[in-house]
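We have chain A; now place chain B onto it with these hints.
There are 2 protein chains.
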Amino acid sequence: MQLISAPWILPVTSPQGGVLTEHCIAMQGGRIVDVLPLGQAHRQHPEAECEHLERCALLPALVNAHTHAAMTLLRGVAEDLPLDAWLNERIWPIESACLSREYVADGTRLAIAEMLLGGTGCFADMYFHPDVILEVAADCGARAQVGIPVLDIPGAWSCSDAFEQAEEVRSLCTRAPLLSAALAPHAVYSLSLDDLRRTGEQARALDLRVHIHLAETRQEVDGCLSEHGVSPAVLVDRLMPEVPLQGAHGVHLDDDDCTLLAVRGAGIAHCPASNMKLASGFCNLARLEAHGIAFGIGTDGCASNNRLDSFAEMRLAALLAKSVSEDPAFMDAHRTLHAATLGGAQVLGLDGETGSLEAGKSADFIAVDLSDIASAPLYDIAGQLIYACGRNQVDSVWIAGARKVRSGELVDIDLEDIRARAQSWQQRIGELLPG
Amino acid sequence: MQLISAPWILPVTSPQGGVLTEHCIAMQGGRIVDVLPLGQAHRQHPEAECEHLERCALLPALVNAHTHAAMTLLRGVAEDLPLDAWLNERIWPIESACLSREYVADGTRLAIAEMLLGGTGCFADMYFHPDVILEVAADCGARAQVGIPVLDIPGAWSCSDAFEQAEEVRSLCTRAPLLSAALAPHAVYSLSLDDLRRTGEQARALDLRVHIHLAETRQEVDGCLSEHGVSPAVLVDRLMPEVPLQGAHGVHLDDDDCTLLAVRGAGIAHCPASNMKLASGFCNLARLEAHGIAFGIGTDGCASNNRLDSFAEMRLAALLAKSVSEDPAFMDAHRTLHAATLGGAQVLGLDGETGSLEAGKSADFIAVDLSDIASAPLYDIAGQLIYACGRNQVDSVWIAGARKVRSGELVDIDLEDIRARAQSWQQRIGELLPG
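Heads up: the sequence lines are chains A and B, in that order. Numbering follows our numbering, with no gaps: position 185 of the first sequence is 185. Our numbering runs 1000 ahead of the 1-based position in the second sequence.
Looking at chain A on its own, in the form it has when it is part of the complex (with noise of 0.2 Å):
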């Protein structure tokens, strides 16, 4: 038995959230026994470890809702640029040339070293070699959910690599437990009916959820309802029913995508800075919280964001849906926190392993350093960590009670050979580049 007190615990159990004192997180097995008050734990487990971080708040570990890990290896080569070039011109043609287990494998490890470090612990994936994906994961102790991508990329990977691989991933996961998959479909603009379709059949048979870009943008809306006469949400929902569905952008969803995807029970990744480095649109959170559709944030790949950063993307979640909604109540800090917690978890069905700190869920929390002089005064701690605090701020973090981050560097995952790795892959894409 584990005790670990801070100042300050924000179990993040509901959206008002709420912020503990005296109080400690008592955890044995990987597990959260109980969420206790500090005088009570030490006579309930007087035999127990101790440790006090001293400044810190610990949190639940964010949950990032949509990502494509192994992009970091392409962070920066395409900037400013309209989505088509920047899909056709750039990303699209790189992975034609660089795609390999080896990419992945390099990509996938630096997004989790910084994802890690910056308090992030769970992470829903959407990337080609998922085996590799998971094996990755597995080695550096994230809890990942790996999305088997549905897409052709020319000579790099097709529809049929998917297909073939999924149960192979399933019972990968299966065997690991901070592992889970879902089928990764692309888009309703980037697949065909006929593979649309297909999907779902085998989420169902495999018993998979459904991890799609759904209404990212304008574009997309108006080519399905030329296209199909639907949008792209009743398209989906009529290939793919009855299967859980994560939409990922969900930019461009109206009342009626929501009524149907309320009573689905399908969530969404809001992903901010990824909707408005690509001109995207606003995602209207409001309605979404309207409609009672789950959401989480996303911090989307590293070509469309350059961070992989759940603070920044917390921070950008709230201020944008208050200008959004021109309502600056609207997503008040605590609200964004269990977005970016809690909601995630939701939206990857993991709502019941992690997300919270509750007892009983895994033991993934992180401790927030807030003695930064960017943090004082401190008189509002939830306020202070969506709106004030950095990623730098994070100390420790924990994912199913084994400790990853102490002092905010990473404590098993060697960081010179990803860096080694990261400039050996920017030689050879940097060749790829124009200019």
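Read the hints as simulated data drawn from the structure, not as lab findings. Only true hints are included.
In silico negatives: residues of chain A with every beta carbon more than 10 Å from chain B:
1) GLN28
2) VAL33
3) TYR189
4) SER226
5) LEU239
6) ASP256
7) GLY349
8) ASP351
9) ASP412
Cβ-to-Cβ under 8 Å is the rule here; a few derived chain B residues that face chain A:
10) LEU1081
11) LEU1083
12) ARG1307
13) ASP1327
14) ASP1332
15) ALA1388
Label-pair ranges, simulated between beta-carbon atoms:
16) A:ASP84 to B:GLY1352: 40 to 48 Å
17) B:ASP1222 to A:ALA176: 52 to 60 Å
18) A:SER371 to B:GLY1352: 37 to 45 Å
19) B:GLY1430 to A:ASP327: 23 to 31 Å
Since this is a predicted model, take the numbers as computed values, not measurements. C-beta: ideal position from N, C-alpha, C; glycine also.
Just chain B, lined up with the frame of chain A:
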């Protein structure tokens, strides 16, 4: 003579930008003598003292074009509130109760420490007791434009205080090379026409610039239209003719306002985080750009932003401009860096002195460490600086050739004293807060 070199130098001499390699900054007596190729520099200045900053990019020190520095002491006192309640129920009552010379000194010093550590070398301030601000800025060696606030805060400060101090503040500035002064009427809705007119007269008489909150909210514009029949920009133009003008926010400027401001040569301090947090609306940078209006980037005060972080603000300005203009190519990385440096200096009327790395200007520059794994791989230096970097990557800061930050630590400012004073204010102000 000193030669400071690094793998990359971004001199920011135009909005299109550019990156120099194998170059250095030659400086002497606090001024930039030249930015030139390393080999040539060593030949021309064989006796020079040389320093090479491995892994770093050198760029102009960032300019925070609008803030209320001392409001760091109110960081987090009023989260998630509508502007009206924010200002009338929290900010102004607390200021009425606490405002003193000691409060301003302690808050300003905390702000300067935070800004210097984050690479901000110059700030346009607007706060009470400007003589105290001058003293603190001079003591810290920061560059500041001190805005003498024209506003009545019952029991704490009055318009008369401002008018009485203006001449003294201006003359103190003429003796301090890093300091300049402006008259800072709060806004058209918070001052009488007489006080606005008097501000203009005094600015002309003392040869001071005017720094005013301008078209920040829809209510401000609607109120001005209904009370005075003209927009805030037109009203200010009429009541304060012929003085150099810098407007903060400029969210609700229409085309006529912009035409008028362009003719006057007025500049705008764009404050994206504050505008989003208070749901004030979206500033249309593309419109300012089309009218040829200079704009800089400001954090606003800590009570409506929580971070005096020009790196976060640059990233947000770029992301927001793309999404508001629906053009992902707008506000590219070089253009954004220009706004945060030379653009800000133009707004403050200081572009002859700071904001770019050019022979003859003050040696105000920073070194940003790009070896962080969050900056790997490294294909695009400007893109990385705007979209990926955090202020924690600031390695060094020079103001007028004096080293203010080295290896991420303040060189000659006592952080422990600042922290202790913030803590003591936290105690006093905390008692005034509800609940």
